[in-house]
Amino acid sequence: MPDIPAYTDYHPRWLRRRVSTYWWLGNWSYFMFVMREASCLFVAWFVVYLLALIRAVLQGEAAYERFLALSARPWMLALNLVSFLFMMFHAVTFFDAAPRALVVHVGKTRVPGSLVGAGHYAAWLVVSAFLFWLLRGT
Amino acid sequence: MIKRDAEPFLWVLFSAGGVMSGMLMPALLFLFGVAYPLGWLMPPSREHMRTLIANPLVAVTLFGLVFLSLFHWAHRFRHTLYDGFQIKHLEEVIATVCYGGAIIGSAAAAYLLWHAR
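Going line by line, the protein sequences match chains X and V.
In this text, residue positions in the first sequence follow the working numbering: the first is 1, and each later residue adds one.
In this text, residue positions in the second sequence follow the working numbering: the first is 1, and each later residue adds one.
The reader is advised that the hints may include incorrect statements.
Just so you have them, the derived chain X footprint on chain V, three or more residues with Cβ under 8 Å [as the list claims (entries may be wrong)]:
| no. | stretch |
| --- | --- |
| 1 | 20-31 |
| 2 | 41-52 |
| 3 | 78-89 |
For the chain X half of the interface with chain V, some residues (derived, Cβ under 8 Å), not all of them [to be verified]:
| no. | residue |
| --- | --- |
| 4 | Met32 |
| 5 | Cys40 |
| 6 | Leu68 |
| 7 | Ser71 |
Keep in mind the hints are simulated off the structure, nothing from the lab.
Glycine is no exception: its CB is placed at the ideal position from the N, C-alpha and C atoms.
Here chain X stands alone, though its shape is the one from the complex:
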């Protein structure tokens, strides 16, 4: 008969190794993972920027000019340049992951993942060209 272990109020120490907060800095793919997650901060920033733009347009000519001047300030330009790079990274990583998240069927045949991915890129190109046309200088 095995001995019955003595009952105590305390549970044994968990076998859990403490992970450093900077676990993602040592490895390139971990680093890219965190950068990809961080891109959402720039998505949020652009929403704030977009709302400020809409507000300026509604307020009138002077407010719109002020908004354009603010966008040309060096710190704002730098912030938006970095945001743009993160936004491209976000778009590419998201569209690359799309075939894995989205399974499309036509009739009973599954649309190959490469086609789902290509569809996203084609749509991206068309939408971007349309925006360039829509927002051309007048």
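Fit chain V to the given chain X structure using the hints.
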């Protein structure tokens, strides 16, 4: 706090927001954030912008972009803090700030676009 059953719904918002922001934001950010300030392209006039924003189709698209992008941010940011950085003890505060912020931002967009008609 965040019920397990809400998770798939929040993931759909995250996913839709990821696609929509990926489609629209790079071009918008390039134009307003880089090309116009650097003088590479001429910005549209205020009148042109005013007419665009008053268009119902543009307004609905802009609202969708703001709403979905904010929920994309909220969901991803919450999970990064929770899973990536193991900030478990503040789970409720983080969730409230993220999804609450997304709701407030969407309400602001609705208010602005409603008055733009």
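Taking the hints in turn, this is what the structure says about them:
1. 20-31: Held - the stretch 20-31 of chain V has 11 residues with a Cβ nearer than 8 Å to chain X, which meets the minimum of three.
2. 41-52: Per the Cβ count (11), the hint holds.
3. 78-89: holds (count 5)
4. Met32: Not OK, violated: Met32/X not within 8 Å of chain V, min 13 Å.
5. Cys40: holds, 4 Å
6. Leu68: holds, 6 Å
7. Ser71: holds, 5 Å
Hint compliance for this structure: hint 4 alone is broken.
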